[in-house]
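Participant: One-letter residues, chain by chain:
There are 2 protein chains.
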Amino acid sequence: MKIVRYLDSGSPEWGCVSQESVFRLGGDPLNNPKRGEMAGPLKSVKLLAPCRPGKIIALGINYPGATGLTETMTEPLVFLKPGTSASGPYDDIVSPFPGKEVWGESELALVIGANNTILGYTAANDVSADNVEGWDHHLARSKAADTFCPLGPWIDTEYSPANRIIEGFQNGELVRRGNSNDRLWQDGQTVAWLSTWMTLEPWDVILTGAPTRVVPRRYLKEGDQFVVRIEGLGELRNRFRERRLQ
Amino acid sequence: MKIVRYLDSGSPEWGCVSQESVFRLGGDPLNNPKRGEMAGPLKSVKLLAPCRPGKIIALGINYPGATGLTETMTEPLVFLKPGTSASGPYDDIVSPFPGKEVWGESELALVIGANNTILGYTAANDVSADNVEGWDHHLARSKAADTFCPLGPWIDTEYSPANRIIEGFQNGELVRRGNSNDRLWQDGQTVAWLSTWMTLEPWDVILTGAPTRVVPRRYLKEGDQFVVRIEGLGELRNRFRERRLQ
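Top to bottom, those sequences are chains A and B.
Quick note: the first sequence uses this note's numbering, first residue 1, plus one each step.
Quick note: the second sequence uses this note's numbering, first residue 1, plus one each step.
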């Protein structure tokens with residue numbers, strides 16, 4: 001099942017996607033959800049982030065060649081994005097940091113279900129801004145702004161993450177590319193390891209790392225489009241703009 | 001009003017504290033809560049963290065003399081702790097990182113209410129572990145483990161944060177001390193600034209920074225007690241232990 005959230009008369013609703021249409025979701029979306037009546041054609045329905053994560057945990061270094069990778073590394077690097085940074089699959093990325101360089105990263109993400117299970121998979125864009133004044137080495141502010149984590153278009157509960165191509169495009173130019181099999185930590189291992197030191201909750205999202213760049217870093221300019229494409233799963237398409245202070 | 005959460009027959013309940021007793025809370029705890037019937041004497045009631053934060057935002061450098069402070073600093077340094085790291089005012093701090101150095105930091109914290117208001121104040125312990133293998137410069141893992149953010153004992157909605165002594169004690173020895181007035185960023189300014197780049201939600205918690213150490217850093221050993229004492233507000237008392245893997 002492809003679980004979505006969508007806007008219905010101004011309120012978020014659970015739904016699922018089938019045959020290019022959005023249907024309402026009956027029952028608990030975590031346990032045995034059922035397809036209900038049709039809400040509308042997929043193209044006419046406003047999709048939201050497919051869940052509202054309590055927290056978003058991101059693996060910083062999970063592909064060969066990633067910046068910071070060392071031969072002695074025995075554990076992934078982890079950082080956090082708040083649930084409030086999540087946004088919809090076609091929403092604008094709005095930078096609140098005028099004049100700061102901002103870039104996108106294409107990532108395969110998993111969504112936690114009940115009891116530390118993997119409910120399913122979704123695409124994610126780990127949007128990041130240049131470190132504040134060069135000294136925000138914690139990268140918290142750089143990655144935590146509203147709209148800095150587009151997710152979607154759906155949570156595919158039947159998706160197999162094996163041997164999938166993960167790509168990022170900026171204005172149509174391929175900027176990142178990798179294969180999910182090349183990840184240093186695979187999903188079951190990641191979830192098990194995280195669970196040894198933090199409680200994972202339903203709807204928490206784990207970003208499994210960005211594949212390496214295939215061109216030098218491109219920064220986002222007003223009106224640029226960043227596309228995250230994950231083989232067999234779906235696509236995010238987000239425009240970038242800077243928020244102008246009044 | 002001093003808002004608490006407490007355990008009642010295994011379930012968390014909202015309450016308030018008055019005259020050394022815990023009372024049930026009637027109405028919405030965010031808007032015009034009312035004191036209900038007595039639940040029990042304060043000493044016999046198991047207090048939980050006084051809220052379950054969506055996110056915990058911490059200011060890294062907010063006192064004169066703090067590590068990393070520069071004369072050119074125009075903004076505070078920010079990092080995140082997940083809501084799942086919150087724990088009760090007298091709960092054990094349990095490190096899941098055997099053999100890693102762990103320490104406590106005493107902080108005055110504020111709790112967000114409706115519409116970006118400050119609902120009230122509470123005490124916080126920003127527990128931190130040594131960086132993983134020396135390369136977790138993001139400090140996310142170091143600060144995000146379950147139990148690494150004791151909060152409480154209550155949210156005091158009538159507390160004035162002006163000119164208050166903030167202290168940390170390890171096994172009775174004073175290890176940190178500062179005055180809230182010395183903070184570089186005061187609370188209204190902090191909330192307004194954070195709101196320019198991230199949505200703050202009710203029950204989000206903001207840790208306003210640790211005052212500087214008055215002795216060299218002390219690491220926590222099995223059974224040690226760390227006390228956070230905030231003048232006029234209350235005290236956290238947490239024992240430290242390492243979780244032994246089976």
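Honestly, the hints are just simulated from the structure, not real lab data.
Using N, Cα and C, we set each Cβ at its ideal position, and we do this for glycine too.
Careful, some of the hints might be misleading.
In silico lysine to any residue, SDA-like type, Cα no more than 25 Å apart, as pairs [as the list claims (entries may be wrong)]:
1. B:Lys46 with B:Pro12
2. B:Lys100 with A:Lys221
3. A:Lys100 with B:Glu13
4. B:Lys221 with A:Trp197
5. B:Lys46 with A:Lys221
6. A:Lys221 with B:Val214
With the C-beta cut set under 8 Å, the calculated list includes, among others, these residues of chain A facing chain B [as the list claims (entries may be wrong)]:
7. Gly83
8. Ala140
9. Thr157
10. Ser160
11. Ala162
12. Thr196
Now the stretches of chain B that chain A is said to cover, found in silico as 3 or more residues with beta-carbon under 8 Å [as the list claims (entries may be wrong)]:
13. 40 to 48
14. 97 to 106
Participant: It remains to establish, for every hint, whether it holds in the given structure.
Facilitator: Now for the hints, and whether the structure bears them out:
1. For the given pair, Lys46 (chain B) sits about 10 Å from Pro12 (chain B) by alpha-carbon distance, which is consistent with the 25 Å threshold.
2. As the CA atoms of Lys100 (chain B) and Lys221 (chain A) are separated by approximately 43 Å, the hinted pair breaks the 25 Å bound.
3. The hinted pair formed by Lys100 (chain A) and Glu13 (chain B) fails the criterion: a straight-line CA distance of about 44 Å is larger than 25 Å.
4. Our distance criterion of 25 Å between C-alpha atoms is met by Lys221 (chain B) and Trp197 (chain A), whose separation comes to about 19 Å.
5. Between Lys46 (chain B) and Lys221 (chain A) the CA atoms are separated by roughly 53 Å; this puts the pair beyond 25 Å, and the hint is violated.
6. At roughly 47 Å between alpha-carbon atoms, Lys221 (chain A) and Val214 (chain B) are farther apart than 25 Å, so this suggested pair is violated.
7. Checking Gly83 (chain A) against chain B by beta carbon gives a least distance of about 6 Å; that is within 8 Å, so the hint holds.
8. Residue-level restraint check for Ala140 (chain A) holds (minimum Cβ-Cβ distance to chain B is 4 Å; threshold 8 Å).
9. With a least beta-carbon distance of about 24 Å to chain B, the hint placing Thr157 (chain A) at the interface is violated under the 8 Å criterion.
10. Against a cut-off of 8 Å between C-beta atoms, the interface hint on Ser160 (chain A) is violated, since the closest Cβ of chain B lies about 29 Å away.
11. Hint on Ala162 (chain A) is violated. Least Cβ distance to chain B is approximately 27 Å, over the 8 Å limit.
12. The interface hint given for Thr196 (chain A) is met, as the beta carbon of that residue sits about 6 Å from the closest beta carbon of chain B, less than 8 Å.
13. Counting residues of the stretch 40 to 48 of chain B whose C-beta lies closer than 8 Å to any C-beta of chain A gives 0; at least three are required, and the coverage claim is violated.
14. Check result for the stretch 97 to 106 of chain B against chain A: violated, 1 residues qualifying (beta carbon to beta carbon below 8 Å, three or more required).
Of the hints listed earlier, those the structure fails to meet are numbers 2, 3, 5, 6, 9, 10, 11, 13, 14, in rising order.
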